[in-house]
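Visitor: These protein sequence lines are chains C and U, in that order. Taking our numbering, the leading residue of the first sequence gets 4, the next gets one more, and so forth. Taking our numbering, the leading residue of the second sequence gets 58, the next gets one more, and so forth.
Any given hint could be a false lead.
Far from chain C, by Cβ distances over 10 Å, these chain U residues were calculated [stated by the list, open to error]:
{"hint": "1", "residue": "E119"}
{"hint": "2", "residue": "G122"}
{"hint": "3", "residue": "E123"}
{"hint": "4", "residue": "W125"}
{"hint": "5", "residue": "T133"}
{"hint": "6", "residue": "Q141"}
{"hint": "7", "residue": "A170"}
{"hint": "8", "residue": "G183"}
{"hint": "9", "residue": "V190"}
{"hint": "10", "residue": "L191"}
{"hint": "11", "residue": "G196"}
{"hint": "12", "residue": "R209"}
{"hint": "13", "residue": "Y230"}
Quick look at which bits of chain U chain C covers, simulated, 3 or more residues with Cβ under 8 Å [to be verified]:
{"hint": "14", "region": "64–73"}
{"hint": "15", "region": "85–99"}
{"hint": "16", "region": "105–114"}
{"hint": "17", "region": "172–182"}
Think of the hints as simulated: they come from the structure by calculation, not from any bench. Positions of the beta carbon are idealized from the N, C-alpha and C atoms, including for glycine.
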Amino acid sequence: MATKFGLAGGIPERRVRPIWDAVDSRQYKPALKLAASLLSKYPSSPYALALKALILERMGKPDEALSVCLEAKESLYSDNFLHIDELTLSTLQIVFQRLDHLDLASSCYEHAYAKHPNNLEIMIGLFNCYVRECSFVKQQQIAIKMYKLFSEERFLLWAVCSIELQVVCNSSGRKLLQLAEALLKKHMASHSLHEPDALVMYISILEQQEKYDAALEVLSGNLGSLIGIEEDKLRIQGRLLARACNYAAAAEIFQRVLESCPDDWQTFLHYLACLLEEDVDWSKTNSSHQSCVPCVDDIKACKTTHLTEDEFDSRISNALSFVQKLQMDCRNDCVRGPHLAQIEIERRHRLHGITHDGKFMESLLNYFYRFGHLSCFTSDVEPFLRLLTDDEKDQLLNNMRTLESTSASPIKALGHAMTIFKVQESFGIMFTLSLRELEGTARKMLEMFCKDLKLSRDLDPQENMHGEDLLSMASNILVLLFWRSRKLGYLLEAIMVLEYGLNIRRCVWQYKILLLHLYSYLGALPLAYEWYSTLDVKNILLETVSHHILPQMISSPLWQETGDLLKDYLKFMDDHLREAADLTCVAYRHRNYSKVIEFVQFKERLENSNQLLMARLDVSILQLKQKADSLQEVERVFENLNHGSRFLEMSNEDRLKSLTFNEDLQARPWWSPTPSVNLLSGCFEEGSACLGESSKGRDEEYIVKKVIERKSILPRLVYLSIQSGSISSKENDRNGSLSHANAVGELKCLLERCARNIGLSFDDAIKCGSCHLQRSKIIQGFRFRFHQLDELHCFCQCVEPVLP
Amino acid sequence: MTTIRRFCCNDLLRFASVNLDHLTETFNMSFYMTYLARWPDYFHVAEGPGNHIMGYIMGKVEGQGESWHGHVTAVTVSSEFRRQKLAKTLMHLLEDISDKIDKAYFVDLFVRASNMPAIKMYEKLGYVIYRRVLRYYSGEEDGLDMRKALSRDVGKKSIIPLKRPITPDELEYD
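Model the full structure from these sequences, guided by the hints.
Guide: So this is what it looks like as structure tokens:
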């Protein structure tokens, strides 16, 4: 704020400075006094009014702030006021933005622009207003005007970004891309381009129109030198060549990248795909968009090659020689790329129907020999392990054990032993062992952990210990033992193992997550919550990590703690969504145009978060629960929710379709309950090894959408049932805006929707509701049951008014 | 097999396994996004097969005249991918960009005076303790300002250690 001094709407700086100083040091009351005295001297100054509004907003008086702001706006619009400066406008903009009235801020700038059509500051301010409003068309128009007046490259690129955003976010016609291309071409002819990201945008515009040759020409010309890192330029070049189906040239380019970056896994996959002329979705790798690279185990891509047998053989053998050369050249024993690449090549062989099985296994074993001691070995090779037959799995494990015994250093030997356990886990072998064998394995892991504690003796207490994963694996086996035997003791032992581990190293987050799920399962939620709190989950982790605790808490009686969790999460999301567009303005200002597109898409992704919508519903349902003792307070909650209608609007079909799922599920134990299934509550089934995987699929998303729909109906159901009861008792009241017939009609409609949502007919739902102990008939999982039971109770109570 | 590429917003939704580490700070969103918006070349992520995030580095370039320098704000590697010299690779990348693209004089970073494993690692990478900043971390713990000279600083003037410690308000940059 201190930078905002100068001529402010004609008020001398010495009079304004003390007000800003007070605001900056959060002394709002004195600031307000000073503002009042300033206003007495300059009663209709928009700037003085804007300052007062700003202070009122900071004091938590939004209504008063808005009214003063509107007064300032009116004064700004009056004919008597001729001098409009950026400082007044930007102060008003800040307040309007904080009051969620972006449109009013824009209209102030529009008014100022109409009066001063050549003022660059005002034009930039107006452009930023449109960025905040996501008005891409208006952004484009004002950017073009600035470009025409000042001929600066950045304004042209602002316009190009605005065009690109219309294409990306609004699926506007591709013709707009032609316009962007024409604008850039014309500018380049006379002024060339000077910013690296301007070039990236131009290439992106060409690429989206499938003008790959043109893009390649630009890149290989003088402008190519704008891309500072040579490998980055080559990667773009390779991608463009591949998209133009010039696979041989693309493979050559990717080969050059690999020569200088032999560990670059993505480039290796691109190289191989080009060599084998496979069909890859290159649009996902466009550098100007969010980088989501294709998956390593994309079997479909491997099968799309159209090469003859001979061609395939010769190309794959070229790839193998190249990769072996990279292995030789790489003296660094940490470069895993070329060695994993060899496994990938053998995998392609195998998928192509050529059974050099011996070589596939050999490459896996070689990889184990080199990198088997690393804790990432198993996740590196997981996609490859899935291809093995049962016999091959046995053979691999036997060979790995033989190699393990030759490990020279104790730390490497420990790493190898852990890897073998992990590979067994990945093969699902634990699910086939007898109870005694499982107990033996868990014991062995614990003994190994204790025996090898001495290896970590010299490590700093803050560093990770060698063998940490052993305790996580042992506790998972103990959970499995519980699932199979139903003996609770195993769960307690799993808890003790992890608590023991945390006694040795207080900061192992993997143990904490397992523990919180174990305590949750046992119903010891306060303990689960306590461990969750020690994870210090904040900022963006609230979006990705909260799923470990939120669902259990929401179904629990720990209302206070649940309310705190929801409040923190919603505050983070709301704050970020409010300021996100300001950061887009920063990206524009610093000429990082590809980030502009990325930021807008990311904001949209967070706005559509399923967790965000669910939290908005849950926080209101929680409020209703907390206020249930007082009808008056319940009614007040309903007033804020537009009597429950707000949620019905929020969960409409379009909204549900565009929901995003941002939770990071990697750290969830395979046995933790999901919305659709709670493995531990059912009987153990042999061959359930893959259950953990399947639970992460699209089914889960479908169920979450169902839960959201159900929860969004609940508040309105409760409201209508309360209303229909009270309306019927005072039917002849004069001002019943909601008539009994209407309430009952809507209630019935919603109840039918609710019944459909839980997969029952209306009549069946009533039957189930009236004897709600028939729970197991409708539901399977514990948590799922809990949610539905809650809602079924509600259903029964709401159904009364509509029964004959 | 490490793909090192520019960090993008979506990576914020996938770096939990790196950031749950107790020594890795999860900053507020405007902090990350300001770095992305202003210094995208200084914010890189290392990705393993299966698109697992292995670690990342974030930094910036700032200063006037001979103080024009690259700064490492955070460098972190997930526990699963440690002991593979990944931090070294990421640091070299940032040093390279500071040196070759932005022609900076040196790269610097701040580290807790008690974080001996990190200090040793930076020393191995060629950093020296330039000065001690008293109570730099939340007004409690001292920080060490470590520097490494780049090719533009021929006489390596930028890394001659200061004789006395300084206080945070004497720092030239935040």
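Visitor: Hint by hint, note whether the structure agrees.
Guide: Hints, one by one, checked against the model:
1. Every CB of chain C is more than 10 Å from the CB of U/E119 (nearest about 13 Å), matching its label as outside the interface.
2. The Cβ of U/G122 lies farther than 10 Å from every Cβ of chain C, with a closest approach of about 21 Å, so its non-interface assignment holds.
3. Taking the minimum C-beta to C-beta distance to chain C, about 22 Å, the non-interface status of U/E123 holds against the 10 Å cut.
4. Interface exclusion of U/W125 from chain C stands, the closest Cβ pair being 16 Å apart, more than 10 Å.
5. Even its closest Cβ contact with chain C, about 13 Å, leaves U/T133 beyond 10 Å, as expected for a residue assigned away from the interface.
6. Its beta-carbon lying about 4 Å from the closest one in chain C, U/Q141 breaks the requirement of being farther than 10 Å from that chain.
7. Listed as outside the interface, U/A170 is consistent with that label: its C-beta sits roughly 13 Å from the nearest C-beta of chain C, beyond the 10 Å cut-off.
8. The claim that U/G183 lies off the interface holds: its Cβ sits roughly 18 Å from the closest Cβ of chain C, which is beyond the 10 Å cut-off.
9. The claim that U/V190 is not at the interface with chain C holds, since no C-beta of that chain comes within 10 Å of its own (minimum 20 Å).
10. The Cβ of U/L191 sits about 22 Å from the closest Cβ of chain C, beyond the 10 Å cut-off, so the non-interface label holds.
11. Listed as a non-interface residue, U/G196 keeps its Cβ farther than 10 Å from every Cβ of chain C; the least gap is roughly 19 Å.
12. With 10 Å as the threshold on Cβ separation, the claim that U/R209 sits away from chain C holds: the shortest Cβ distance comes to roughly 16 Å.
13. Distance check for U/Y230 against chain C: the nearest CB is about 17 Å away, which clears 10 Å, and the non-interface claim stands.
14. Given as covered by chain C, the region 64–73 of chain U passes the check, having 7 residues with a CB less than 8 Å from a CB of that chain where 3 are the minimum.
15. Counting residues of the region 85–99 of chain U whose CB lies closer than 8 Å to any CB of chain C gives 11, which reaches the minimum of 3, so the coverage claim holds.
16. With 6 residues carrying a beta carbon less than 8 Å from a beta carbon of chain C, the region 105–114 of chain U meets the three-residue requirement, and the given coverage holds.
17. Restraint check on the region 172–182 of chain U versus chain C: 3 residues with Cβ-Cβ distances below 8 Å, three needed, restraint holds.
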